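Novice: We have chain A; now place chain B onto it with these hints.
Protein chains in written order, with the working numbering: chain A, 1 to 293; chain B, 1001 to 1237.
Don't take every hint at face value.
Rough simulated footprint, nothing fancy, chain B against chain A, three-plus residues with beta-carbon under 8 Å [unchecked claim]:
| hint | segment |
| --- | --- |
| 1 | 162 to 169 |
| 2 | 235 to 241 |
Pulled a few chain B residues facing chain A out of the computed Cβ check, cut under 10 Å [claimed, not checked]:
| hint | residue |
| --- | --- |
| 3 | G1052 |
| 4 | V1074 |
| 5 | I1075 |
| 6 | R1087 |
| 7 | A1088 |
| 8 | E1097 |
| 9 | P1105 |
| 10 | V1178 |
| 11 | K1180 |
| 12 | I1182 |
| 13 | Q1185 |
| 14 | G1187 |
No lab work stands behind these hints, which were simulated from the structure alone.
Nothing here was measured: the structure is a model prediction, and the numbers come from that model.
Glycine included, C-beta positions come from ideal geometry on N, C-alpha and C.
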Amino acid sequence: METFLQQVVSGLAAGGIYAAFALALVMTYLATNAVNFAQGEMAMFSTFVASALIESGMPYWAAFFVTLAIAFLGGVAIERAILRPLERAPVLALTIVTIGLLTIFNSMAGWIFGYTIRTFPSPFPPSPVRLGGIVVSRHSLGSLGVTLALLALLYVFFRYTHLGLAMRAAARYPVGSRLVGIRVGWMLALGWGLAAAIGAVAGILIAPVLFLEPNMMGGILIYAFAAATLGGFTSPVGAVIGGFLVGIIENLAGTYIRFIGADLKLTVALGIIVLVLIFKPSGLFGQPHAQQL
Amino acid sequence: MSDLLEIVGLEAFYGRTKALHGLDLAVREGGITALLGANGAGKSTLLRAVCGMVSLRGEIRFGGRSIAGKSTEVIARQGVAHVPEGRATFASMSVEENLRLGAHPRKDRSKLGDDFERVYAVFPALAQRRRQAAGTLSGGEQQMLAVARALLLPPRLLLLDEPSLGVAPRVVTEIFQVVKQINQQEGVSVLLVEQNARRAFELAESAYVLETGRVVASGPSAMLQQDDSIRRAYLGY
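One chain only, chain A, in its complex shape (with noise of 0.2 Å):
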């Protein structure tokens, strides 16, 4: 039983990650309609402008609002520079152009920072903390802690603020929120930059745990795929839970199932989206699939 909590809540702090990046693909999904491939380049990236702003002698917790902010504005310009002239494109295009900016981004950061793999500080102490008999790392919960708080600061600005509603709309109904005159074009690059800064924040949470190299973000979008697809790639909340389910699975089938143990966690991953996709395709909370005419 003990073993058992101790995957459960492992799989927690895990899922929180593959949640938070999951809400951000399925973000600029719904603003898009396309994929981000990149979405995990541009959270390796940021990382590492965190870690070379720590470096420059920068207390953590500025790097890490420094580094959102830079994330933010960086997803916008990408949004406006990139893909809005594509606005009409077809989606296989759109999605190859995120394929591209994967191999910018991943180049990029090994030609500015180089391939060594450094390591990446955590602002929380590193003794574990007794559960009862449960032992978890305090970078563990820490992570956890500020990934709930950041879903919960997103619930309340898209459920409660004006901005937030009229992105909702501008998202998913373009063509009436251009008639109330809401900016469409801004809201979904407000949107790709609010992505962009989610996938930051994973990004600087997980980088203590995975080190911080350039690829280091692969395998995290795999897990971050199979959430959105678990979720149903339509729903925001959808992808949160799908995030802390995945974490979740993957520990527990890392634990109980002997063939799998820790070198095959990737493939529960790629197995749920397979199941998903077979059984299931628009996922938990999805909807089912439309054609936009």
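Specialist: This is chain B only, laid out in the frame that chain A set:
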């Protein structure tokens, strides 16, 4: 009074297909003008052109300033509220959220309470459903919501695209009364697309009759109504 909306030599296109062929039209400031004609005559296209939703050639002036080629949101912000065919309400959002979004361009959004109450007084059916998702409303209620949302802009010109389509006649009467009221009390000009010419004449003091993207007749409602040849050929009664 002068013309709030002036259209000169308007051509509109869907891809390469020309849908309007050099059309002239004016809506008097404070007036209600109807656009009549059969399906496919170009009535909706004309409204869409005014709102920058189709590619076009020609001149469109609103309040003396050219709006041809401007984006839909910029045109809306100048005071053109368009209630399109199919209504374009935000189906998954509540009635109240729809209304809040209708007031999006306004700077005084914090003081909207009174305006909401006025809207609810005009459309009591909406007041009872303010927390309900717009998509769950009946066709008539959705049409009321679309009109209410448009009124919060607040508009100088209201474009109404077939408000009677799929709506019970009693509700159409109610909506027409509201339109007449805001036209008289607040001086909002109206351009109304309607297939049912008889209903349109109840409201509009002048009308244009369109056929295949051209104006084939225009003038005061009273005159058009009395012209038997126009009535038989284009208005179908």
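Novice: Compare the structure with each hint and give your call.
Specialist: The hints, checked one at a time:
Three residues within the 8 Å Cβ limit are the bar, and the segment 162 to 169 of chain A against chain B gives 5, so the coverage statement holds. Counting residues of the segment 235 to 241 of chain A whose CB lies closer than 8 Å to any CB of chain B gives 0, so the stated coverage by that chain is violated, three being the minimum. Given the 10 Å rule on beta carbons, the hint for B/G1052 holds: about 9 Å separates it from the nearest Cβ of chain A. With 10 Å as the threshold, the beta carbon of B/V1074 comes within range of chain A, its nearest partner Cβ sitting at about 8 Å, so the hint holds.
For B/I1075, the interface hint holds, the least distance from its beta-carbon to any beta-carbon of chain A being 9 Å, beneath 10 Å. Contact between B/R1087 and chain A, as hinted, is supported at the beta carbon level, the nearest pair being about 8 Å apart and thus within 10 Å. Taking 10 Å as the C-beta contact cut-off toward chain A, the hint placing B/A1088 at the interface holds, the least distance being around 4 Å. For B/E1097, the suggested interface contact is upheld, since its CB lies about 6 Å from the closest CB of chain A, less than 10 Å.
Look at B/P1105: its Cβ gets to within about 4 Å of chain A, closer than 10 Å, so that hint holds up. Checking B/V1178 against chain A by beta carbon gives a least distance of about 18 Å; that is not within 10 Å, so the hint is violated. Annotation: B/K1180 was flagged as interfacial toward chain A, and the flag is violated, the nearest CB pair being 22 Å apart, outside 10 Å. At a threshold of 10 Å, the smallest CB-CB gap from B/I1182 to chain A is about 17 Å, leaving the interface hint violated.
With a cut of 10 Å, the hint placing B/Q1185 at the interface with chain A is violated, because the nearest CB-to-CB distance is about 22 Å. Interface hint at B/G1187: violated, since its Cβ lies 20 Å from the closest Cβ of chain A, which is beyond the 10 Å cut-off.
Checked against the numbered hints given earlier, the structure breaks hints 2, 10, 11, 12, 13, 14 and satisfies all the rest.
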